[in-house]
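Student: So the protein lines, in turn, are chains P and S. Everything in the first sequence is counted per my numbering, starting at 1 for the first residue and increasing by one. Everything in the second sequence is counted per my numbering, starting at 1001 for the first residue and increasing by one.
Check before you lean on any hint, since a few could be wrong.
Distance ranges between label pairs, derived from CB positions [claimed, not checked]:
#1 P:ASN7 / S:SER1273: 33 to 41 Å
#2 S:ASN1503 / P:TYR654: 52 to 60 Å
#3 S:PRO1572 / P:THR674: 55 to 63 Å
Okay, the calculated bits of chain S under chain P, using three or more residues with CB under 8 Å as the criterion [said to hold, decoys possible]:
#4 1005-1017
#5 1060-1067
#6 1137-1143
#7 1192-1198
#8 1222-1231
#9 1675-1687
For the record, the hints were derived by calculation from the structure and aren't laboratory data. All C-beta atoms, glycine included, are put in the ideal place defined by N, C-alpha and C.
Spelled out, the chains give:
Protein chains: 2
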Amino acid sequence: MALRFPNLPPSGPQGSELLTHERSQTTFSVHEVTKYLYGEEFLERRERLLNIVENEPALEKETRFYDGRTERFAHALRKDHRMVQLSKEHKWSAEEFMMADSLVEEPGPFGLHRGMFIPTLVSQGNEEQHEKFLKPALRYEIIGCYAQTELGHGSNVQGIETTATYVPETDEFEIHTPYLTASKWWIGGLGVAANHAVVMARLITNGKDHGPHAFCLPIRSMEDHTLLPGVMAGDIGPKFGFNTTDNGCMWFDHYRVPRICLLSKYSSVKPGSGEYVNPPNSKLSYGTMVLIRASLVGAACLATSKAATIATRYSAIRRQFVDKDKPLKVDNKVVETPVLDYSMQQYRLFPIIAQAYAFVFTSKEMMRLYYLNIKHMAKGDFSLLADVHASSSGLKSLTTTMAAAAIEECRRACGGHGFSSFSGLPLLFQDYVPNVTWEGDNYMITQQTGRYLFKSFRDLVAKRTKGKMSAAAVTNPTLAYLNTYLENSNLKCPAQTASDFYNPEIQLAAFGHRAAYLVAQIVHALDVEKRTWNSMQVDIYNASVAHCQFILVQNFILGIRGEMEQPEGMAPVEKLSGSAKEAMKDLSDLFALHLIHKQPGEFLLSGYLDAKQVNLMGQAIMTLMETKIRKNAVGYVDAFGHSDYYLNSALGRYDGKVYEAYTEMATKEPINATQVVKGYEQYIKPFTNPHGKKGRSMAARL
Amino acid sequence: MALRFPNLPPSGPQGSELLTHERSQTTFSVHEVTKYLYGEEFLERRERLLNIVENEPALEKETRFYDGRTERFAHALRKDHRMVQLSKEHKWSAEEFMMADSLVEEPGPFGLHRGMFIPTLVSQGNEEQHEKFLKPALRYEIIGCYAQTELGHGSNVQGIETTATYVPETDEFEIHTPYLTASKWWIGGLGVAANHAVVMARLITNGKDHGPHAFCLPIRSMEDHTLLPGVMAGDIGPKFGFNTTDNGCMWFDHYRVPRICLLSKYSSVKPGSGEYVNPPNSKLSYGTMVLIRASLVGAACLATSKAATIATRYSAIRRQFVDKDKPLKVDNKVVETPVLDYSMQQYRLFPIIAQAYAFVFTSKEMMRLYYLNIKHMAKGDFSLLADVHASSSGLKSLTTTMAAAAIEECRRACGGHGFSSFSGLPLLFQDYVPNVTWEGDNYMITQQTGRYLFKSFRDLVAKRTKGKMSAAAVTNPTLAYLNTYLENSNLKCPAQTASDFYNPEIQLAAFGHRAAYLVAQIVHALDVEKRTWNSMQVDIYNASVAHCQFILVQNFILGIRGEMEQPEGMAPVEKLSGSAKEAMKDLSDLFALHLIHKQPGEFLLSGYLDAKQVNLMGQAIMTLMETKIRKNAVGYVDAFGHSDYYLNSALGRYDGKVYEAYTEMATKEPINATQVVKGYEQYIKPFTNPHGKKGRSMAARL
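All chains, full assembly: derive it from the sequences and hints.
Tutor: If you want it as structure tokens, here you go:
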């Protein structure tokens, strides 16, 4: 007999009333902002796809809270299968598929087939390989995975140990796993789903090791899905998150495959002689990495905005204590204050809302630069590559770190209920947080940003020494802030009042000066003090963060003004109306000022800001939050336009019926399927009623 | 047919060799430090209990990685049952039980029975109630829980809505849940295990509401464990962590219980007349809260040291890239550098090791103060209470926040493998992180610390104005740093070289000055500028952090010198030998300096440190880590003395056989029980082999 929980109303004011009140205070048009962020075409597509996915039984989101890993994986396999069917039925484009999949948000066994296997075949396979592998892969006859990392080798691809030795006698490669550390590991989709794999292995021919190359291999039988002889593979077991994906491991035992398995668009091995043919330009391979890192900025935006929506809506409903200086009355009775009215809660949540908006604009800019760079590279122009690569690495690091922190902060800001799975925040964190590690560990990859910044700085110094550089000639924003610093490294911030800090130019100059200061310090330490690179890693990380904060602040400022460059061929953006622009500027101000105020150290160390200014900035923030942002808080998160299906959270519901939904979800907990728990007879009764006495306890005990 | 993964050796150098090498470099006696931290009696007890628990089948730790919530709960119920049996067999004391339970580390359904139900009966029940409830509870005939929080009421106990109305006619209380928001929620052990509950409800008699009081009620039948009429209860569903505990919810429908259910040691209701008898001193109830918060400092230490052990050992084994300035050679061949040699990794992990040590000493000091205060209060002396309450609140907030951050940082510092459940770190984080929310939300409770600091500051100013205060007369350390600041608020740090910062007095003075500066600023804002309390919450939080960092730094300095006060009646601590003391002082230096260097803002704002000094401090930290702490890193974590059973981590193993253990654990993943996954026929084959063709793929495809 399953338990039935009572159907009681919460005490007033009701969540729905509170959210209605919040929405009535919004000073801007939510729809206008939503449209500005995403564009109408995107919104129309999202709405259309949402209608399809939210009504599909295979794509329901409720059971994920209750199921163990085995059931969750089975669910994801069923979902991935259904998604492929839907995409065929509705003739989805790749973009539509990705968007629909991101609404369902259940990383499944076919995810890497689309995300890495197919793109690698496209970019590294030759025409024959496109026929043989790519075409059937697009039809899902082949299901693939991308096997790069090994048990002992993550970030350092050059260190992988799996070998592919060319055997001229049979014109084959022998794929082999020499050590346990060479086991392929973490490979999404390999655990049980894939029948093919792109395997990164050291290409050895004529006794020479040419380093890691990509091979496309069959690993499971097309007939019955059993492992092919010479291949062992399985699932690597449970993880913090991503448990709906079968991350797998794989070993090769002198496994022979024909020469065509070496993906040969760029490098190849000549039949018989085994002569190695070099790739034309190794820089070409940066493209995919930049794309993935740039796209992670967009994913960071989604994750941040989702968490912010849940926590902000719930904080407007959740009430705790009475603010003694300003007690809230409903029907002449003092009621507890919504936690969103407390300045601490505002200081925790509002900068996160602002962060999500900041990420929107930088995400757009990174995608524009990516496509521009691809276009340039196709013409043999590599001038943009270094900047785009550096920014995408640093921004991947900064935005994913900030997004993961934001989710956890939002979770904690929901109080105890943020710990319940039904808040939606635990699973969001667990599935999001690998972003800080994969595609380049967030500490590691900032060295790539650093290298670019130091080189830019040195080049600039050299040019200035030779008198080749005028301030006006510097158009690249990174070079511009470095140049300004070199003009005068003792510049002071001109702000004298709290409201001076609402000037975007003043904000941006502070970020530029601080980033340039850090770069200058490091270059001095490396070049003059001859410090080792290793000993400077912490400073390099900080410089990358500073540079990327500058980019985020700058794009936010330009983005709300409609002054960001548009991708070639796109119509210029329509400008925001006055009220919407003002509301956006409040967030842009908060984003910039909060970043400084929360960690003012480097701004003070650089000498650009002084103690009095940091204190004024604190006032500017508190005034902004209390008088302007507070009343728009729910409006801001509504403008992200996340549906209840997407949020999948009892606390983040649009209608505010949080406690009703939460209780309803608790009734479905499998443990509640019976009133008396299964282990009672064996593990409780021997203590509480060892002799099986009859008679109700009340009478007996009291 | 279950999969068998190959039995290969990792490529060299082996983990075991690397750890042996690390251990050979340690400059101090690991055993001496372990003994100093814990005392011999503690170590002997831990060893003895470990031998019992690690050999009990019901207490195994492997299945927790693979099981879903239902199975994990069943496991925990079995474990709790077995623990009670073991405690009876071995005649464990309450302390021994707690220690054994903490080795097993599986929060189960009987945890709150011991942790809250029994202690509440002890402290708030009268003699009759001890007979009726406490004695059977100690024998586990009664199994109880502690039902305070409600769906709509967490931190604010005064806001709870459940009512207990005295009915004079029958000399009973009627317990009732008026609204959904009054549902008891989050109650550990209530979901399925408890047959009794201590319920906090508003005591109403003769129409007057006397606020929340504790009642002890039967909720499930002693005969068959079914819910009693008038009571509905169940499990609240899955959570981020703590899924082995049945956190429950409960509703009362005009549920009648006799008057004896009101726990009446302090307040009571007279039979018939219903007259309410006041508690003698409301301050007495602070005792338990202080004890719990103080004990959470010890728990923060355990969690931090556990995570640090896993991440540090694994970082000595995990190798990535080659440090070009200083390549590592084994057998004349360049091998990848252990990540522990990178300064970024050191900057991430070494302060966490130091943090764990810092927590040891402050945890001891808080427990000493708790018992001293209890002794004083029993004599009617409440002079210590305010300080202990303020410190325990602020330290609970700071240390649990730091510990949660440390676990997650350690997890990420293990690279991708930190994401695997087998690292032990995901579950550690998930089960630990509620500490930041429960027993007083970490942002909320710092206001209590703030109130005490501001009052102390105002009192001190008043006394100084009246000329009643001489610097020598101030013995309380909080007052001492406030007084020093009032003597001269423009004091500057005297350090002029990097090595000056290795002077503990210089470190401590910086923390004192900064904390006093923040307190002075807030008192000025509140008292002179008349700012509202709400508008100052962020500053108040920062002041509490600053105060508690001062305490942590001070206790660390005194602790390694053997200069901390000992609990009354305890022998003075034996001093550390020179080499051990030096190794400890390195950590103490790092702890203090890293706290400043990572967030120097307030130290700079207070005017005590300048930019040049912060840069010198950076040098002091890097030198310390590279030349002194690096070689002791594994020794430091070994000295925590955590057994492999306790760590339960493939990466943190004492013997360094991490990849072997990890692979072995992966083979046990339930998904690997069959070679071809269950859903293959239904969800994969329709794409890959729709017509059931025969013949191996290799031949067909290639």
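Student: Broken hints, numbered, in rising order?
Tutor: none
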